[in-house]
Amino acid sequence: MPTLREIGNEAKLLLIGIPVLIWTLIPIYHMFLFAISPKQDAFAGKLWPDHPTLQNFRVVFNQQHYFLRDFWAQFGNSVVIAVAVGALTLVIATSAAFAISRLRIRGGRAVMNLALFTYFIPAAFLAVPMYRTMGTYGLLNNHWSLILAMVTIASPYAIWVLKQASDKLPLELDEAAVMDGATPLQLFRMVYLPLMLPSLVAVGTYALLLAWNEYLYAFLLLSNDADITLPVALGNFLAADDSPWELLMTTGFIYALPPAAVYYAFRKYMVGGLTAGAVKS
Amino acid sequence: MTAITYYPEPRSRPLAARLSTPQVWGVVMLAPYLLVFLAFVVYPISYGLWLARHPASYVALYNDPVFLRAVVNTLIFLVIGINFKMLVALFLSGFFVQSRAWIRWLSVLFILPWAVPSIPTILSVRFMFNPEWGVINNLIFKFTAEDGPNWLNDPAIGLTLAILVHIWKSLPFWTLILMTGRLAISTDMFEAADVDGANWWQKFRYITWPSMRTLYLTCTLLSMIWTLGDFNSVYLLTGGGPADLTHVLSTLGIRYLRLDQLDLAMASIVCAMPLVLPLVYFMMKRLSR
Chain G
1 MPTLREIGNE AKLLLIGIPV LIWTLIPIYH MFLFAISPKQ DAFAGKLWPD
51 HPTLQNFRVV FNQQHYFLRD FWAQFGNSVV IAVAVGALTL VIATSAAFAI
101 SRLRIRGGRA VMNLALFTYF IPAAFLAVPM YRTMGTYGLL NNHWSLILAM
151 VTIASPYAIW VLKQASDKLP LELDEAAVMD GATPLQLFRM VYLPLMLPSL
201 VAVGTYALLL AWNEYLYAFL LLSNDADITL PVALGNFLAA DDSPWELLMT
251 TGFIYALPPA AVYYAFRKYM VGGLTAGAVK S
Chain R
1 MTAITYYPEP RSRPLAARLS TPQVWGVVML APYLLVFLAF VVYPISYGLW
51 LARHPASYVA LYNDPVFLRA VVNTLIFLVI GINFKMLVAL FLSGFFVQSR
101 AWIRWLSVLF ILPWAVPSIP TILSVRFMFN PEWGVINNLI FKFTAEDGPN
151 WLNDPAIGLT LAILVHIWKS LPFWTLILMT GRLAISTDMF EAADVDGANW
201 WQKFRYITWP SMRTLYLTCT LLSMIWTLGD FNSVYLLTGG GPADLTHVLS
251 TLGIRYLRLD QLDLAMASIV CAMPLVLPLV YFMMKRLSR
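Top line first, the protein sequences correspond to chains G and R.
Position 129 of the first sequence, counted from 1, bears residue number 129 in our numbering, the numbering being contiguous throughout.
Position 208 of the second sequence, counted from 1, bears residue number 208 in our numbering, the numbering being contiguous throughout.
In case anyone wonders, no lab produced these hints; they're calculated from the structure.
These figures come from a predicted structure and were not determined experimentally.
Think of the CB as a built atom: it goes at the ideal place given N, C-alpha and C, for glycine as much as any other residue.
Hints are not guaranteed to be accurate.
As the list claims (entries may be wrong) - Rough simulated footprint, nothing fancy, chain G against chain R, three-plus residues with beta-carbon under 8 angstroms:
| id | segment |
| --- | --- |
| 1 | 45 to 55 |
| 2 | 91 to 98 |
| 3 | 220 to 232 |
| 4 | 266 to 273 |
| 5 | 276 to 286 |
Unchecked claim - Below, in silico cross-link-like pairs of lysine-lysine (DSS-like), each with a Cα-Cα straight-line distance of 25 angstroms or less:
| id | chain 1 | residue 1 | chain 2 | residue 2 |
| --- | --- | --- | --- | --- |
| 6 | R | Lys142 | G | Lys39 |
| 7 | G | Lys12 | R | Lys203 |
| 8 | G | Lys168 | R | Lys285 |
| 9 | G | Lys268 | G | Lys168 |
| 10 | G | Lys46 | R | Lys142 |
| 11 | G | Lys268 | R | Lys142 |
Please work from the sequences and hints to get the whole structure.
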């Protein structure tokens with residue numbers, strides 16, 4: 001039998017838990033509700049539509065609206081850019097972390113500090129000069145501009161996390177490999193990469209999600225309807241007063257699903273690899 | 001940590017040996033990042049600072065009421081918004097470390113705002129608060145037969161909602177970080193405190209807080225730096241409006257950029273540096289140890 005005190009305790013916890021649950025879910029549920037409601041139901045302020053439907057998804061997938069005529073192209077842009085940023089960041093950050101942490105290259109510490117400095121500049125402040133620079137390089141409206149900008153933003157943290165992780169690998173491993181005549185490249189390929197795999201997954205996922213979710217840089221650097229990524233397309237819905245909100249919410253829902261799925265699939269790595277490194281006390 | 005070098009110490013050797021294979025490889029492997037850093041960090045920043053060199057830009061900024069308003073809004077966002085968020089995160093971290101099955105399930109859902117991209121959810125909130133069609137004013141009309149407030153067209157409410165959207169998005173992350181801090185505290189101390197008959201406040205004041213203080217401070221500063229760059233919460237919710245009254249520094253820079261006043265955009269960013277650089281310096285000291 002639970003005592004009165006235990007019941008009181010449980011009630012107090014519920015009194016915190018229920019508002020937290022409602023607070024967390026309302027914006028997402030609101031979006032979901034619009035995605036499955038026919039237009040006339042959506043605005044009635046009901047908690048569940050009378051006739052839930054997938055019609056909105058059909059309209060989006062078939063690009064049957066003025067705002068959606070480039071949906072698949074934009075979806076493809078988002079995928080290509082996110083994958084490219086994930087892959088490039090992995091290559092750049094892994095080799096940099098290896099050079100700093102395992103080869104102990106001179107000046108490595110200074111490079112690390114420069115990278116950390118970049119990590120702490122608020123991204124919106126770097127965006128203004130970055131926009132101008134991309135213009136100078138002639139990369140505006142080219143996917144490379146967004147890819148390179150996102151790699152710039154993602155790699156400092158990636159290098160830092162990978163350096164922290166690789167400092168923990170025992171030096172004896174490298175020594176043994178060098179004794180056996182391994183060149184640095186062999187050391188990198190056969191000893192370093194396999195041991196770093198969990199951190200590599202975490203960092204690759206981090207960069208991928210960062211690029212998929214980015215709005216500001218995408219909005220500044222790309223402008224043609226067929227070149228932009230999905231979040232920019234979502235923002236463009238706001239340009240008109242009579243925006244089809246139910247289609248906007250449906251597109252937003254489709255756009256939000258992949259990163260949420262990736263996040264939950266790699267949650268183990270993300271929590272272990274990233275948040276532990278995010279704030280060292 | 002002491003650096004143990006197993007490759008020959010480069011400095012004491014002649015030049016040919018100093019350029020040993022590992023060092024050469026190290027330079028080659030570091031080169032891609034250095035190139036990215038030079039091309040997309042050093043060059044843009046130097047160019048930006050060069051653009052912001054005229055004192056006239058700062059006079060123009062000072063005379064622009066939108067700029068002063070944005071500074072005030074940014075300070076409100078940071079001082080009130082972030083501290084409120086971190087206090088809530090500290091409180092909720094204590095809630096989520098309770099060992100109950102339903103709290104574990106709740107914590108999985110609680111991460112959702114952090115896991116989903118911010119754009120669709122911000123637009124969802126924006127739509128909720130639409131004065132004519134939004135669900136909030138629909139409900140207010142249903143129950144009171146009166147029109148609800150014109151939410152996002154009121155600068156004070158607009159800014160408050162932007163802060164709340166920011167909190168909605170990032171609260172799970174900070175709660176998670178503070179949870180790891182709480183879980184690192186040995187349970188022995190709490191058991192000893194229970195034996196001594198300490199109440200929850202005494203336990204928090206004398207056990208939890210002393211071991212979390214540094215982490216909490218670090219998190220608050222880091223969150224302030226990141227929030228300075230939070231463009232989405234304000235831009236997509238209010239667009240800086242009504243009448244440019246809800247801008248913060250991050251949206252203001254982009255506003256000047258769109259108006260083709262690049263010197264003003266850079267000058268406004270330079271004005272934020274006295275706020276940013278001490279925070280950055282402090283964080284670098286902490287993290288590069």
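Verification of the supplied hints:
no., hint, result
1, 45 to 55, "holds (count 4)"
2, 91 to 98, "holds (count 3)"
3, 220 to 232, "holds (count 8)"
4, 266 to 273, "holds (count 3)"
5, 276 to 286, "holds (count 6)"
6, R:Lys142 <-> G:Lys39, "holds, 19 angstroms"
7, G:Lys12 <-> R:Lys203, "holds, 18 angstroms"
8, G:Lys168 <-> R:Lys285, "holds, 21 angstroms"
9, G:Lys268 <-> G:Lys168, "holds, 19 angstroms"
10, G:Lys46 <-> R:Lys142, "holds, 11 angstroms"
11, G:Lys268 <-> R:Lys142, "violated, 45 angstroms"
Hint 11 from the list above is the single one not met by this structure.
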